[in-house]
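Protein chains: 2
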Amino acid sequence: METIKDLYKNQEKYINTDVEVAGWVRTVRDSKTFGFIEMNDGSFFNNLQIVFGNELENFSEICKLTISSTIIVKGTIVKTENAKQPFELHAKSIEIFNLSDSSYPLQKKRHSFEYLRTVAHLRPRTNTFSAIFRIRSVAAFAIHEYFQSNGYVYVNTPIITCADCEGSAEMFKLTTLDLDKPLPQKDGKTDFSNDLFGKKAYITGSGQLHGETFASAFGKIYTFGPTLRSEDSNTKTHANEFWMVEPEISFCDLDGLMDIEEDFLKFVVKEVLDKCPEEIDFCDKFIQNGLKEKLTKLLDSNFVRIDHHDVIDILKKADRNWEFKPEYDGDLAKEHEKYITEYFNGPVFVKNWPKDIKSYYMKVNPDGKTVAGVDLEVPGAGEIMGGSQREENYDTLVARMKEMGIAEEPLYWYLELRKYGSNIHSGFGLGFERLLMYITGMENIRDVIPYPRTPNNCDF
Amino acid sequence: METIKDLYKNQEKYINTDVEVAGWVRTVRDSKTFGFIEMNDGSFFNNLQIVFGNELENFSEICKLTISSTIIVKGTIVKTENAKQPFELHAKSIEIFNLSDSSYPLQKKRHSFEYLRTVAHLRPRTNTFSAIFRIRSVAAFAIHEYFQSNGYVYVNTPIITCADCEGSAEMFKLTTLDLDKPLPQKDGKTDFSNDLFGKKAYITGSGQLHGETFASAFGKIYTFGPTLRSEDSNTKTHANEFWMVEPEISFCDLDGLMDIEEDFLKFVVKEVLDKCPEEIDFCDKFIQNGLKEKLTKLLDSNFVRIDHHDVIDILKKADRNWEFKPEYDGDLAKEHEKYITEYFNGPVFVKNWPKDIKSYYMKVNPDGKTVAGVDLEVPGAGEIMGGSQREENYDTLVARMKEMGIAEEPLYWYLELRKYGSNIHSGFGLGFERLLMYITGMENIRDVIPYPRTPNNCDF
Chain A
1 METIKDLYKN QEKYINTDVE VAGWVRTVRD SKTFGFIEMN DGSFFNNLQI VFGNELENFS
61 EICKLTISST IIVKGTIVKT ENAKQPFELH AKSIEIFNLS DSSYPLQKKR HSFEYLRTVA
121 HLRPRTNTFS AIFRIRSVAA FAIHEYFQSN GYVYVNTPII TCADCEGSAE MFKLTTLDLD
181 KPLPQKDGKT DFSNDLFGKK AYITGSGQLH GETFASAFGK IYTFGPTLRS EDSNTKTHAN
241 EFWMVEPEIS FCDLDGLMDI EEDFLKFVVK EVLDKCPEEI DFCDKFIQNG LKEKLTKLLD
301 SNFVRIDHHD VIDILKKADR NWEFKPEYDG DLAKEHEKYI TEYFNGPVFV KNWPKDIKSY
361 YMKVNPDGKT VAGVDLEVPG AGEIMGGSQR EENYDTLVAR MKEMGIAEEP LYWYLELRKY
421 GSNIHSGFGL GFERLLMYIT GMENIRDVIP YPRTPNNCDF
Chain B
1 METIKDLYKN QEKYINTDVE VAGWVRTVRD SKTFGFIEMN DGSFFNNLQI VFGNELENFS
61 EICKLTISST IIVKGTIVKT ENAKQPFELH AKSIEIFNLS DSSYPLQKKR HSFEYLRTVA
121 HLRPRTNTFS AIFRIRSVAA FAIHEYFQSN GYVYVNTPII TCADCEGSAE MFKLTTLDLD
181 KPLPQKDGKT DFSNDLFGKK AYITGSGQLH GETFASAFGK IYTFGPTLRS EDSNTKTHAN
241 EFWMVEPEIS FCDLDGLMDI EEDFLKFVVK EVLDKCPEEI DFCDKFIQNG LKEKLTKLLD
301 SNFVRIDHHD VIDILKKADR NWEFKPEYDG DLAKEHEKYI TEYFNGPVFV KNWPKDIKSY
361 YMKVNPDGKT VAGVDLEVPG AGEIMGGSQR EENYDTLVAR MKEMGIAEEP LYWYLELRKY
421 GSNIHSGFGL GFERLLMYIT GMENIRDVIP YPRTPNNCDF
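Chain order of the listed sequences is A and B. 226 is the number that the numbering used here gives to position 226 of the first sequence; each next residue is one higher, with no gaps. 452 is the number that the numbering used here gives to position 452 of the second sequence; each next residue is one higher, with no gaps.
Just so you know, not all the hints are guaranteed correct.
Unchecked claim - Think about it this way: if two alpha-carbon atoms lie no more than 16 Å apart in a straight line, the pair counts; the simulated EDC-like pairs of lysine to aspartate or glutamate are:
(1) A:K199 <-> B:D180
(2) A:K189 <-> B:E383
(3) B:K181 <-> A:E403
(4) B:K200 <-> A:D191
(5) B:K189 <-> A:D191
(6) B:K358 <-> B:E409
(7) A:K200 <-> B:D459
(8) A:K200 <-> B:D187
(9) A:K275 <-> B:E145
(10) B:K199 <-> A:D180
(11) A:K189 <-> B:D180
(12) B:K200 <-> A:D178
(13) B:K186 <-> A:D180
(14) B:K334 <-> B:E383
(15) B:K181 <-> A:E88
(16) A:K186 <-> B:E403
(17) A:K200 <-> B:E145
(18) A:K181 <-> B:D180
For the record, the hints were derived by calculation from the structure and aren't laboratory data.
Let the hints inform the model, and build the full structure from the sequences given.
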């Protein structure tokens, strides 16, 4: 049996030969003596056009095929003069394996993305989600390829943790206790001794700290896996379950990190452009006009590198009425991110941030006021990567933890990295779905995740 | 800066040239006038030998280097006559970046695997875990490579679910409710309306059902991600967090599935043998004698395919005192699995199982008694893959669900696949850690997972 991808990729070979393909009906048109079926088997973005005539004994049944019916077709590949459809399949037999029920909800018309989320089990059969989820797969593999071919070791850091060190506010609790009954008590507190791990357990929101331990053994590592955060925020860019990439690199400072981030992002975008030309053309046409140009331009651009302080200077000088006033000791608002990428007309690394608004593990700069953190802002999507050089000095790190109210004891193993072979090292985190939104032009994170989980929404 | 891998892979190029490497001290030996350092930078399994002399101004400090100290070495690569160590680095300077504290727990002696689990943040620096976790990374990438190069789409199925359809016994509950206080009540029951998803949420133990929905759009898909199961079982082969691979293939029956499983397993084993020769040699020598031969033999073998019924025949005829009596309507015990792989002296597909001991979604065979399920048994590890042709007939599937007490309503979307373009399709699940135990020879699942989670054990 051949796939539609085989046929497209090896057209010359298949012309005038007999093939067998199986797939799903997208459309059927017929006249009295012949008809056309657009069929897709999932192997390729484009459909295969099938021509059938009334010499087939089940001609009348074929004419009545419903959308999404399953058929198995034998016939001959014939060249056409149509550029969009360079060949078609002249059917010798069409077996109807499953006639789709007429209640099939995706009839041939445009559906809103909101509606399609209610049929998440069927939406990958539409052109849009066929493109989106194929790009997702290709981008995911590109991420693995980049790191594996550059000597990184893939590490699966744990999802379950009992260390409440990241602040449990954004962490889900995980339990085997029966939540339909009153919780067991001991000494006036909930008794977790019969919970599976014998204590309170959480889902961690990051693999960075565990990743660092492996970077001190393998030099360069990366994680790539699902991340669960319990934020109760209903926005277009937040989901409670998403995938994250977190590389950690030993013997690498902030400049080295930015080199890697830039190289990495360009590689992934290039892979998608190379491997998904049909899907990108579709997204360019129907999702975000100018998408392809935006991505191509990214490949040729040199990302700007600028201190947070200098960004604030630019924002303050700008002739704008800011909703949020730019401050030297403050974060960047969405409007600032947008302005600065437009100002430089391309991706911008904003580095050396005021230490009080960044995490305790970021390397404190010699000025004592800023940390060697860096956010990458891209046009149209804002921040897509956040990274830093990590504090490698034991005493400074402990002091920072005290300053920020982080308990040391549960992180003794993280601190020990600074006692046993500490080194200058850096890492970053990439929200995979943010990257996909940038690459596909989709505006809602719910539309780049197969089955999105957001507050009050956990269907399927 | 060069990596040790660079030096090993391009030895000829580097002989008599100057290089700079950074890494961690494994051992130091010295005499009055010169000394040797074995250094590793994580890029490669083997160490780099560094020769240093007393012309270096910090000679005495170098002699006092502790294990796991971080050093940066400049010098010249010089050829040796030693096969194991074909070159060495003659140091011109050695910068001591971080002198490891003398309390470093992994001094140069053999440690038990049990002890090493208590220093999980440091154990990847040992030879054993350097080999194990590098193989883990290479095997993971091989899995992606296999599916991507064979036209599969990678799908990230959700971890969070609100459908209690798999039986919540093995499912963790996930909540944002405050477990340190009494649970909110309404009408005499726990009130989940203020929980993040507005209802009771779980962690799913499999992505198969969601995977099937995407296979009906893309033809061939695979998942590869962490799986959490709350089993309270303390064995060498159970962990509460592990990684699973779950491909689903449309237009594929049980025979086609076995072809894929065999091809897939051989590909992954071959990739590891090709890319990790040093690591496999190490495991063969120190973890499991005969490992390399076992793996090489697998590549050349044709996996036996035999019905469950015929396996029971063989077991019944065997001259053994079984602890568990082989039964035509029963499962295979570990002792049976062992016997049957030894009997055939290689991997064995056991297929067509009695339906009452298998899942509701497996295709019922024409005999009405068995289902088209298949387990792959391999010598020394027992079952490592379990798969089946899926029931594609709507009515049969519904009947099976009723028979086995599975609620239909929460799975309406799964059932709809049988209404809208149903097709003959199959899939399997592979426990990634079971595969790693087979490939490395490690006997405890805790030793192939970076940070294992098992009952009453959630450290780090």
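| message | Hints numbered earlier in the text: which of these fail when held up against the supplied structure? | response | Numbers 2, 3, 4, 5, 6, 8, 15, 16, 17, in rising order.
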